[in-house]
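S.K.: Next come the chains, spelled out residue by residue.
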Amino acid sequence: MATSTTKALAGDEPPRPSPRPGGEGTARRRGALWHRLDIKGAPYAFVAPFFIIFAAFSFYPLIYTSWISLHDVELATLDVMEWVAFDNYVELWGDSRFWNAAQNTITIGVISTVPQLMMALGMAHLLNYRMRASLFFRVASLVPYATSVAAAALVFTMIFERDFGMINWALGSVGIDPVDWEADKWPAQVAISTIVIWRWTGYNALLYLAAMQAIPADRYEAASLDGASRWKQFIHVTIPGIRSTIVFTIVLSTIGATQLFGEPLIFGQGPNGVTGGADNQYQTLGLLLYEEGWKNYQMGRSATVAWAMFMLLVLVFVVQRVIKRLRSRTS
Amino acid sequence: MGTLGSLRRKAVATAAAVGALALVVGCSSGDDSATGGGKKDGKVTITMGMYGVMGIKETGLLEQYEKENPNVDIKAEIAGDEQTYYTALQTRLAAGKGLKDIQGIEIGRAKEITETQADKFADFSDVPGTDHFLPWKESQISTKDGKVLGLGTDIGPMAVCYRKDYFEKAGLPTDREEVAKLWAGDWNKYVEVGRDFKKGFKGGDVAYMDAASGLFNAMVYGYPEQYYDDKGELIYDSNPAVKEAWNLAADAAEDGLTAKLRQFQPGWDPGLANGTFATAVCPAWMLSHISEKAGDANKGKWDVAKAPKGANWGGSFLGVVEQSPVKEEARKLVAWLTAPEQQAHIFKEIGNIPSSREALDSPEVKNAKSEYFSGAPIGQIFGAAAQEIPDKQVLGRKDGTIKDTFSQGLALIEQGDAKRDEAWKTTGERIEKAVG
Numbered sequence: 001m002a003t004s005t006t007k008a009l010a011g012d013e014p015p016r017p018s019p020r021p022g023g024e025g026t027a028r029r030r031g032a033l034w035h036r037l038d039i040k041g042a043p044y045a046f047v048a049p050f051f052i053i054f055a056a057f058s059f060y061p062l063i064y065t066s067w068i069s070l071h072d073v074e075l076a077t078l079d080v081m082e083w084v085a086f087d088n089y090v091e092l093w094g095d096s097r098f099w100n101a102a103q104n105t106i107t108i109g110v111i112s113t114v115p116q117l118m119m120a121l122g123m124a125h126l127l128n129y130r131m132r133a134s135l136f137f138r139v140a141s142l143v144p145y146a147t148s149v150a151a152a153a154l155v156f157t158m159i160f161e162r163d164f165g166m167i168n169w170a171l172g173s174v175g176i177d178p179v180d181w182e183a184d185k186w187p188a189q190v191a192i193s194t195i196v197i198w199r200w201t202g203y204n205a206l207l208y209l210a211a212m213q214a215i216p217a218d219r220y221e222a223a224s225l226d227g228a229s230r231w232k233q234f235i236h237v238t239i240p241g242i243r244s245t246i247v248f249t250i251v252l253s254t255i256g257a258t259q260l261f262g263e264p265l266i267f268g269q270g271p272n273g274v275t276g277g278a279d280n281q282y283q284t285l286g287l288l289l290y291e292e293g294w295k296n297y298q299m300g301r302s303a304t305v306a307w308a309m310f311m312l313l314v315l316v317f318v319v320q321r322v323i324k325r326l327r328s329r330t331s
Numbered sequence: 001m002g003t004l005g006s007l008r009r010k011a012v013a014t015a016a017a018v019g020a021l022a023l024v025v026g027c028s029s030g031d032d033s034a035t036g037g038g039k040k041d042g043k044v045t046i047t048m049g050m051y052g053v054m055g056i057k058e059t060g061l062l063e064q065y066e067k068e069n070p071n072v073d074i075k076a077e078i079a080g081d082e083q084t085y086y087t088a089l090q091t092r093l094a095a096g097k098g099l100k101d102i103q104g105i106e107i108g109r110a111k112e113i114t115e116t117q118a119d120k121f122a123d124f125s126d127v128p129g130t131d132h133f134l135p136w137k138e139s140q141i142s143t144k145d146g147k148v149l150g151l152g153t154d155i156g157p158m159a160v161c162y163r164k165d166y167f168e169k170a171g172l173p174t175d176r177e178e179v180a181k182l183w184a185g186d187w188n189k190y191v192e193v194g195r196d197f198k199k200g201f202k203g204g205d206v207a208y209m210d211a212a213s214g215l216f217n218a219m220v221y222g223y224p225e226q227y228y229d230d231k232g233e234l235i236y237d238s239n240p241a242v243k244e245a246w247n248l249a250a251d252a253a254e255d256g257l258t259a260k261l262r263q264f265q266p267g268w269d270p271g272l273a274n275g276t277f278a279t280a281v282c283p284a285w286m287l288s289h290i291s292e293k294a295g296d297a298n299k300g301k302w303d304v305a306k307a308p309k310g311a312n313w314g315g316s317f318l319g320v321v322e323q324s325p326v327k328e329e330a331r332k333l334v335a336w337l338t339a340p341e342q343q344a345h346i347f348k349e350i351g352n353i354p355s356s357r358e359a360l361d362s363p364e365v366k367n368a369k370s371e372y373f374s375g376a377p378i379g380q381i382f383g384a385a386a387q388e389i390p391d392k393q394v395l396g397r398k399d400g401t402i403k404d405t406f407s408q409g410l411a412l413i414e415q416g417d418a419k420r421d422e423a424w425k426t427t428g429e430r431i432e433k434a435v436g
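Heads up: the protein sequence lines correspond to chains R and L, in order.
Following the working numbering, the numbering of the first sequence begins with 1 at its first residue and continues without gaps.
Following the working numbering, the numbering of the second sequence begins with 1 at its first residue and continues without gaps.
Think of the hints as simulated: they come from the structure by calculation, not from any bench.
Where is the CB? At the ideal position from N, CA and C, for every residue including glycine.
One or more of the hints may lead you astray.
[What the hints assert, rightly or not] Derived lysine to any residue pairs resembling SDA-like cross-links, with alpha carbons at most 20 angstroms apart:
#, chain 1, residue 1, chain 2, residue 2
1, L, 293, R, 154
2, L, 425, R, 95
3, L, 433, R, 94
4, L, 293, R, 164
5, L, 293, R, 318
6, L, 425, R, 164
7, L, 433, R, 87
8, L, 111, R, 75
9, L, 111, L, 269
10, L, 97, R, 74
11, L, 111, R, 294
12, L, 111, R, 77
13, L, 144, L, 233
14, L, 433, R, 74
15, R, 232, R, 218
16, L, 433, R, 86
17, L, 433, R, 76
18, L, 40, L, 327
19, L, 111, R, 76
20, L, 433, R, 294
[What the hints assert, rightly or not] Taking CB as the label site, the calculated pair distances span:
#, chain 1, residue 1, chain 2, residue 2, range
21, R, 140, L, 188, 35 to 45 angstroms
22, R, 317, L, 147, 49 to 59 angstroms
23, L, 369, R, 87, 52 to 62 angstroms
[To be verified] Sample of chain L residues with no beta-carbon within 10 angstroms of chain R, all distances over it, derived:
#, residue
24, 40
25, 117
26, 164
Construct the entire structure; sequences and hints are all you get.
M.R.: Next comes the structure, spelled out in structure tokens:
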């Protein structure tokens, strides 16, 4: 399949006049053909492995998932499929758990992404100053990112534990009643967001830092000659200078937030993790997908959730494009 | 130019071939030893997958077997949480990959395995020397056409574990005979004692019991039929046994008699270690968990009293995967591990009650006392409780899932998220989703 694709791609190329019309003899013409194939064909050959793997591991699963989502299938008996057309989608639309999970995904996404990116900006700004041991701080900011989700979530689960956790102990020492971090909706979502923020802030800060260092120094000089304070410089020079990086991190974080899974799963542990708490108070779409597929063993419904998530992401980006276009038209 | 061209053509072909190879590697299915075990140079490797504290590895039985059979090498992997373990097992059974030669099967999953996966497990009905089990235990893992998919390890007769020191502080009797008399014959009395405990206890923030779900399970498992009837129909919403257990557990939750913990979840273990509750309904296999997590500091503070009513909560089986390359050796190992002597050994070491009649009758089991639990005669207590287990026990396909869902429903009441009727309705809806 791979070979034929490459050949087909190379062969589909429209015939063009030989670069040197009126060449002498067939050997030369054949050489020119190879040359052309080389120029036009080689790039396809070199990008082919990625697209072949993409087809096998992304495109095919995507199509297969949509096929499964139109069926009633159980995990234990994957070979027995019953065609139900769009029943799964209709059911999902009317399922309060889906809307609850979608809402949780958005709220957890917002309370983890917004503070995370703001803190990363501030951190990058500080790291951008000349200071001692700056390399140490830059490397240290990446350490949380290098920690595995499982390890981080487990540690935070203990820290946020109701009866003997560190946070409640600290709250207690200043006279605040203990909070049941796992059982109550907002505390649980805040706790999960904390894990996300802890892991990703340093990573984003380094992205910002790299972009900040590409801003020409003379802009800052000009700004300070004009009497701009450090804060004014940050707002009027730094932020516009790294705008595209900020957009990039927002896109990355949005995708990350939509797929939020490991942190809430481990935060709840056991059956409670799968359902996102006894009251589904922190069940994200990722967890709902997992619950349907690997607790209820309903692969059809699970695949439906997967497609709904995919379509939500597409929707978000379409809306974002539309807003962008409208704004550029008005300005 | 020609040679250069052919060289480039080769490069193109190579790149394409690499891509194709990646495809082939990605999609190739199954190698010779899909279960990890196998034979090599006269040495047999057997892999095992287990969960929780089944006592097989913990008490050194595997090493003993390896010593007695020098050509056998056993690799055991133990998952902490059964739910996680079973999910992985289901996925692997569906894929036919990543399985172990021997797989543990929890009682709540037994029906689902016998109904949907019977062809993937080896038959034990013709293995000699395996007729020493309690009859109901073996029937739980047998298919309709007489195939036996595994052999029993332990069973879960019930008692109540309690803290003597807390009972004393609450002005209640501490002697295990007298304690048992307080609630003899009726779980309602057990909750009633809790109200007295709450009134009488001076000296800190200690709840009467760990979790409402523990009480619920103990009551439900005392009946021959729980969530399914013997025709395989779901009856959880009409079975009076379930409703009665739900109401009493909800009473306990609403009266603040529970520590609002979730058993085997984070919070429960530190609760044991720090003594935040005075009693826990304990199937025999829970003793090892309590003694391990409550630790040496609490040794002698715990005791065991007879439960109000008999019931069977939990218990496991060991099955052998049909596609295992060392099926014969694995079946032999399972038969040995579940033989009366080995079951008695596990009981002596960590307190898991044998599912073997012969082991239950052995003096080793009958006379066993637990040093950790104030020298309680656990052999007698649990042995007698095992006699009270209903002879008929109907299992259902999704027993495990339904049990978990009920536990979460009770947690809703404990956490104050819902009133009991609302929580009952939510639980019903969730079960519909899970089994439908």
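S.K.: Taking the hints in turn, state whether each one holds.
M.R.: Evaluated hints:
1. Between residue 293 of chain L and residue 154 of chain R, the direct Cα distance comes to roughly 18 angstroms. Compliance with the 20 angstroms bound is thereby established for this hinted pair.
2. A C-alpha spacing of about 15 angstroms is found between residue 425 of chain L and residue 95 of chain R, which places the hinted pair at or below 20 angstroms, so the restraint holds.
3. Using a Cα cut-off of 20 angstroms, the hinted pair residue 433 of chain L and residue 94 of chain R holds, with the two alpha carbons roughly 13 angstroms apart.
4. At most 20 angstroms may separate the alpha-carbon atoms for a hinted pair to count; residue 293 of chain L and residue 164 of chain R meet this at roughly 15 angstroms.
5. With a C-alpha separation of about 53 angstroms, the suggested pairing of residue 293 of chain L with residue 318 of chain R is violated against the 20 angstroms cut-off.
6. Of the pairs offered as hints, the one joining residue 425 of chain L and residue 164 of chain R is violated, with about 33 angstroms between alpha carbons and a cut-off of 20 angstroms exceeded.
7. For the hint pairing residue 433 of chain L with residue 87 of chain R, the CA-to-CA distance comes to about 14 angstroms; that is within 20 angstroms, so the pair holds.
8. At roughly 16 angstroms between alpha-carbon atoms, residue 111 of chain L and residue 75 of chain R fall within 20 angstroms of each other, so this suggested pair holds.
9. Using a Cα cut-off of 20 angstroms, the hinted pair residue 111 of chain L and residue 269 of chain L is violated, with the two alpha carbons roughly 30 angstroms apart.
10. A threshold of 20 angstroms between alpha carbons decides the hint, and for residue 97 of chain L with residue 74 of chain R the separation of about 18 angstroms falls inside it, so the pair holds.
11. For the hint pairing residue 111 of chain L with residue 294 of chain R, the CA-to-CA distance comes to about 18 angstroms; that is within 20 angstroms, so the pair holds.
12. This hinted pair checks out: residue 111 of chain L and residue 77 of chain R have alpha carbons roughly 15 angstroms apart, not beyond 20 angstroms.
13. At most 20 angstroms may separate the alpha-carbon atoms for a hinted pair to count; residue 144 of chain L and residue 233 of chain L meet this at roughly 16 angstroms.
14. In summary, the hint linking residue 433 of chain L to residue 74 of chain R is supported, as the alpha carbons are separated by about 13 angstroms, within the 20 angstroms threshold.
15. The straight-line distance between the Cα atoms of residue 232 of chain R and residue 218 of chain R is roughly 15 angstroms, inside the 20 angstroms bound, and the hint therefore holds.
16. A C-alpha spacing of about 17 angstroms is found between residue 433 of chain L and residue 86 of chain R, which places the hinted pair at or below 20 angstroms, so the restraint holds.
17. As the CA atoms of residue 433 of chain L and residue 76 of chain R are separated by approximately 17 angstroms, the hinted pair is consistent with the 20 angstroms bound.
18. Pair hint residue 40 of chain L plus residue 327 of chain L holds up; C-alpha atoms about 15 angstroms apart against a cutoff of 20 angstroms.
19. Between residue 111 of chain L and residue 76 of chain R the CA atoms are separated by roughly 13 angstroms; this keeps the pair inside 20 angstroms, and the hint holds.
20. Taken as a hint, the residue 433 of chain L and residue 294 of chain R pair is honoured in the structure, with Cα atoms around 13 angstroms apart against an allowance of 20 angstroms.
21. Evaluation of the 35 to 45 angstroms hint for residue 140 of chain R and residue 188 of chain L yields a failure: the beta carbon distance comes to about 59 angstroms.
22. Against the hinted window of 49 to 59 angstroms, the Cβ-Cβ separation of residue 317 of chain R and residue 147 of chain L comes to about 54 angstroms, which satisfies the hint.
23. Between residue 369 of chain L and residue 87 of chain R, the C-beta spacing of about 59 angstroms keeps the proposed range 52 to 62 angstroms intact.
24. Against chain R, the non-interface label of residue 40 of chain L holds: every CB pair exceeds 10 angstroms, the least being about 32 angstroms.
25. Consistency note on residue 117 of chain L: stated as away from chain R, yet its beta-carbon is not over 10 angstroms from all of that chain's, at 6 angstroms minimum.
26. No beta-carbon of chain R comes within 10 angstroms of the beta-carbon of residue 164 of chain L; the shortest separation is about 22 angstroms.
Violated hints, in rising order: 5, 6, 9, 21 and 25; the structure is consistent with all others.
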